[in-house]
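Residue numbers (the numbering used here), protein chains in the order written: chain A, 24 to 92; chain B, 186 to 580.
One or more hints might be untrue.
Each computed BS3-like pair below joins lysine-lysine, with the alpha-carbon atoms no more than 27 angstroms apart [claimed, not checked]:
#: 1; chain 1: A; residue 1: Lys67; chain 2: B; residue 2: Lys359
#: 2; chain 1: B; residue 1: Lys506; chain 2: B; residue 2: Lys315
#: 3; chain 1: B; residue 1: Lys189; chain 2: B; residue 2: Lys254
#: 4; chain 1: B; residue 1: Lys290; chain 2: A; residue 2: Lys67
#: 5; chain 1: A; residue 1: Lys67; chain 2: B; residue 2: Lys528
#: 6; chain 1: B; residue 1: Lys401; chain 2: B; residue 2: Lys431
#: 7; chain 1: B; residue 1: Lys401; chain 2: A; residue 2: Lys67
#: 8; chain 1: A; residue 1: Lys82; chain 2: B; residue 2: Lys359
#: 9; chain 1: A; residue 1: Lys82; chain 2: B; residue 2: Lys401
#: 10; chain 1: B; residue 1: Lys315; chain 2: A; residue 2: Lys82
Label-pair restraints from in silico Cβ distances [unchecked claim]:
#: 11; chain 1: A; residue 1: Thr51; chain 2: B; residue 2: Glu332; range: 20 to 26 angstroms
#: 12; chain 1: A; residue 1: Met30; chain 2: B; residue 2: Ser535; range: 40 to 46 angstroms
#: 13; chain 1: A; residue 1: Thr51; chain 2: B; residue 2: Lys240; range: 26 to 32 angstroms
It is worth saying that the hints were derived from the structure and are not from the lab.
Owing to the predicted nature of the structure, the values given are computational and were not obtained by experimental measurement.
Cβ coordinates follow ideal geometry from the N, Cα and C atoms, glycine included.
Here are the chains, one letter per residue:
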Amino acid sequence: MRVDAAMCILCGACSGVCPVNVIEVSSTHVNIQEGCTRCGLCAKVCPVGAIGFGDPRSKRVKRFQRRQA
Amino acid sequence: MKEKYDVVVVGAGPAGSMAARATARGGARVLMLDKRRELGVPVQCGEALNEGVLKELKIAPDPRWALNKTNAVKLVSPSGIEVRIVEKEVMGKIGYILDRKIFDKHLAILAAKEGADVMVGALATGLMIKDGRVAGVKGVGVGGKFEFFSDIVIAADGVGSRVARWAGLNTALKLVDIESGAQFQMVDIDFESQTMMEFYFGNKIAAGGYAWVFPKGDHMANVGLGVLGGRAEGPAIDYLRAFVEKMPNLRKGKIIEINAGGVPVSGPLERTVKDGLLVVGDAARQVNALTGGGIDHAMRAGDIAGEVAAKAVSEGDTSEKRLMEYEKRWRELMGKRLERYLKAKNVLVSLTDDDLDKLAKALSEVKFEGISLTGMLRVLLKAHPKLLWKLRGLM
Ligand SMILES: Cc1cc2nc3c(=O)[nH]c(=O)nc-3n(C[C@H](O)[C@H](O)[C@H](O)COP(=O)(O)OP(=O)(O)OC[C@H]3O[C@@H](n4cnc5c(N)ncnc54)[C@H](O)[C@@H]3O)c2cc1C
Ligand code: SF4
Ligand code: SF4
C-alpha cells in the first residue's frame, strides 16, 4: 500500500481497520510495516483517499477530473 | 522521567488525560505519553460536548475552550423537511462547542497538576511483555528510543488502537463498524442561529451517516460529515465538498481548517481488561454509535480506569480479575445506553431516503413540549405503521 504524505491527515482510521495491525501512524507519517495482506480496507476507510494500491494522488486526480467532465 | 512507573497511559486525548489524572489522584506514579508534539492537534472531531460530563468530573467550563453554547437542534431530511427541537423541552440539556486544541491540552494540564508525568512527541511502538503479561511500553520519540516498565498500561490510543492488540485483544474494526469523517472549519458563512446544531440526513448527502453544522461563533462553524465504511462510494471529503457546494449559505464560505478521522460505531469491546491492561475511550470503542459522540464516554471511562488502576497498584494485585472492577463499573454507568444507541444507529442506517422523509414529516407535526422520546416514537408509529418493523428496535 502507498500513502501520499501530502494528502494524509494522520487520523489513524486506516490503522483502526487493518486486520493484521501493520499500520503505524506517527506524528509525521504513516508506515506500513511487514505483513500487509493487501486486503484494501485501509484504502476504503481513509476519509481523504490518501492511501491505496499504486499512487493515490494520480487516482484522485483522475476521479476528480472525471467528475468535473 | 523515571524508568519504572506504576501505570503508563498511552494517548493523551480525553480518555488518557482523565485516566492519568485519576491514577495520580489515587496516589500511584503515572506517566502519560502521546505521539503528538502538540496535544489536541490535529483536531479529529466535531467538538460538540454535553455539559453533564464536565459537572460530573468537576471541570469548570472555560471560555478559552468552551467556545459556544447550544440548546437547540435542527434535523433536516433528504428532501429538506426540517424538524426543530429545543433541547430544554425534550431533555433539558445544554451543549458546548469546544476548541479541542485547547480543551485537550487543558485536560492534560489537569493530569499533570495532579502529579502525572507527561511525555509528548513519544510514539509507542510496542509493549514490554514479561512472563506472558504486560510489563510496560516501548517506543520512539523526539528524544530517541524509550522503554518504561510499569505494572499497568492504560490503552487510550484512540480509534487507531494498536496497544490493546499488542496485548492480544482484537480491536480491529470491520468496515461496517467505522464512520469515516471529514470536516471543514469554515468562516464567513451564514446559519440560522448560533445556539442551534444542524444535522442533515440522506444517503446521497452522507451514506449511512449524516452531515453537521456546529456553530462555533460569529459566522463560523464546524461543517462536517461521516459516511459509513462499506457504504460510501468514495472518500468522506468528496461527500463533504459536494455538501458544501449544495448549500447556498455555506458555498461562499472560506475553509480555514481541514479535519478528518474515523469514528468506531461497533459498540464497545467485549472485554476491556487483561492482566496489567485497561482499554479506554475510542480504543475501547466506547462511543455513541448513533451520533458518533465519544468525548464524554472517553472521559468517564478514563476516570474510572485511573481510579481502579491506582487501587489495584496499592493492593499489589494488577491481574485481570482485579481490574475487572473497571469493566463492571463502566458498563453499569454507560453500557445500556451505548447498546441503545447502537440499536438506534442500526435502524437509522437501514432507512431509505424516502423513509427518512416520511419520518421527518411526521416529526415536524409533533408538538415536542412535554413529550418523552418514547411518546414521540409512538406518534411516529401511528402515522407510519409501515415503518414499524424498521423502528421496532428502538422501543
Ligand atoms: C470527524 C469526527 C467528528 C467527531 N465529532 C465528535 C463530536 O462532535 N462530539 C464528540 O463527543 N465526539 C466526536 N468525535 C469522537 C471523538 O473525537 C472521540 O470519541 C474522542 O476524541 C475520543 O477520545 P480518546 O481519548 O479515546 O481518543 P483520542 O482523542 O483520539 O486520543 C488518542 C490519543 O492517543 C494518541 N496515540 C495514538 N496512538 C499512539 C501511540 N502509538 N503512541 C502514542 N500516542 C498515541 C493520539 O495522538 C491521541 O492524542 C468525532 C470524531 C471524528 C473523527
Ligand atoms: S486513514 Fe488516510 S488520512 Fe488517516 S492516517 Fe490513514 S492514510 Fe492518513
Ligand atoms: S491493505 Fe489491509 S493488511 Fe494491508 S495495510 Fe491496508 S488494511 Fe492492513
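Looking at the structure, which of the earlier hints fail to hold?
Per hint list: 3, 4, 7, 9, 10, 12, 13 violated.
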